[in-house]
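Undergrad: Sequence:
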Amino acid sequence: MQARVFEESWPIAGRFVISRGARTEARVVVVELTDGAAVGRGECVPYARYGETVEGVMAEIGELLPALEQGLSREALQQRLPAGAARNAIDCALWDLACKQSGQRIWQRAGLSAPAPQVCAYTLSVDTPEAMEAVARQHAWRPLLKLKLAGAGDLARVAAVRRGAPEARIIVDANEGWDEVLYRELVPELATLGVAMIEQPLPAGQEALLASLPRPIPLCADESCHDRSSLPAVLGSYDLINIKTDKTGGLTEALALKAEAEAAGLGIMVGCMLATSLAMAPAFVLAQGVRVVDLDGPLLLATDRPDGFAYDGALMQPCEAALWG
Numbered sequence: 001m002q003a004r005v006f007e008e009s010w011p012i013a014g015r016f017v018i019s020r021g022a023r024t025e026a027r028v029v030v031v032e033l034t035d036g037a038a039v040g041r042g043e044c045v046p047y048a049r050y051g052e053t054v055e056g057v058m059a060e061i062g063e064l065l066p067a068l069e070q071g072l073s074r075e076a077l078q079q080r081l082p083a084g085a086a087r088n089a090i091d092c093a094l095w096d097l098a099c100k101q102s103g104q105r106i107w108q109r110a111g112l113s114a115p116a117p118q119v120c121a122y123t124l125s126v127d128t129p130e131a132m133e134a135v136a137r138q139h140a141w142r143p144l145l146k147l148k149l150a151g152a153g154d155l156a157r158v159a160a161v162r163r164g165a166p167e168a169r170i171i172v173d174a175n176e177g178w179d180e181v182l183y184r185e186l187v188p189e190l191a192t193l194g195v196a197m198i199e200q201p202l203p204a205g206q207e208a209l210l211a212s213l214p215r216p217i218p219l220c221a222d223e224s225c226h227d228r229s230s231l232p233a234v235l236g237s238y239d240l241i242n243i244k245t246d247k248t249g250g251l252t253e254a255l256a257l258k259a260e261a262e263a264a265g266l267g268i269m270v271g272c273m274l275a276t277s278l279a280m281a282p283a284f285v286l287a288q289g290v291r292v293v294d295l296d297g298p299l300l301l302a303t304d305r306p307d308g309f310a311y312d313g314a315l316m317q318p319c320e321a322a323l324w325g
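Everything in the sequence shown is counted per our numbering, starting at 1 for the first residue and increasing by one.
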């Protein structure tokens, strides 16, 4: 077995803006495991919000390369690294390698049904209401639009997008950018505009406050829920959780979190960081049968990997084994 880790940079089509800042490139970390003719790959996105950097994640993975070359198992990996980007890249590479070695697809190895095409959300970055309305008009044919919001001026942004895409289902993501006053002010108006879901309105850690507020629109936890250990804190405060493999530390924990959350009565959204199709592939397996699929990372890049996902209109098609799994 040979193991290596390396960084890649993928230009974004334009720029991507959320409440915490703007980006023009997606920096990803790739783990590659080679055993004879079989090559397994996993991709992660270190996220500053969670105290991660590309350099730190690569160092974390680098320390485990000798153990991987000596046969570190996916099960043992869960104890060697905490949930996060580093473990995600390794976990997904191990899944992919096992598929390549066995000649089985990922759903067969995981004991799941074969994946079907999924309606995928399309994300609109934070911008002026006029600019967001213009983009919404270009994508009004899409059945599901996700709006990044920032706090001040959010009502005007959502109203503008609704004008631009009157038939689309709209979900919004505040990225922890609201407070209680703004929540109480905005939510009734957003309900009138037909917003179907609000993602992470208040900062993580304010779940008790959120539980005391009216909830006419379903709420989805993102920054507040990473893996199974954080699930109890969001019960009673949120209606859904957004599962991302970069938060759970891989597909292994993501599958377990999905099962436990559904058993607790929570709806599931499967989301992504801004990354290539290699990062979307494990999440697509997870996204079967969930309420919201938000795996549009490759659509927001200037270019994607060879053998990347095909998007047939708004339908995201299952990937080929050449990509992953």
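There could be a bad hint or two in this list.
Label pairs and their computed distance ranges (CB to CB) [as the list claims (entries may be wrong)]:
1. G36 <-> G14: 17 to 25 Å
2. P232 <-> S9: 14 to 22 Å
3. A59 <-> G111: 16 to 24 Å
4. A264 <-> P11: 36 to 44 Å
5. A116 <-> P166: 26 to 34 Å
Hints in this document: simulated from the structure, not taken from any laboratory.
Heads up, the beta-carbon is just placed ideally off N, CA and C, and yes, glycines get one too.
Undergrad: The structure should be examined with respect to each hint, and the outcome stated for every one.
TA: The hints, checked one at a time:
no. : hint                      : result
1   : G36 <-> G14: 17 to 25 Å   : 42 Å, violated
2   : P232 <-> S9: 14 to 22 Å   : 38 Å, violated
3   : A59 <-> G111: 16 to 24 Å  : 34 Å, violated
4   : A264 <-> P11: 36 to 44 Å  : 40 Å, holds
5   : A116 <-> P166: 26 to 34 Å : 29 Å, holds
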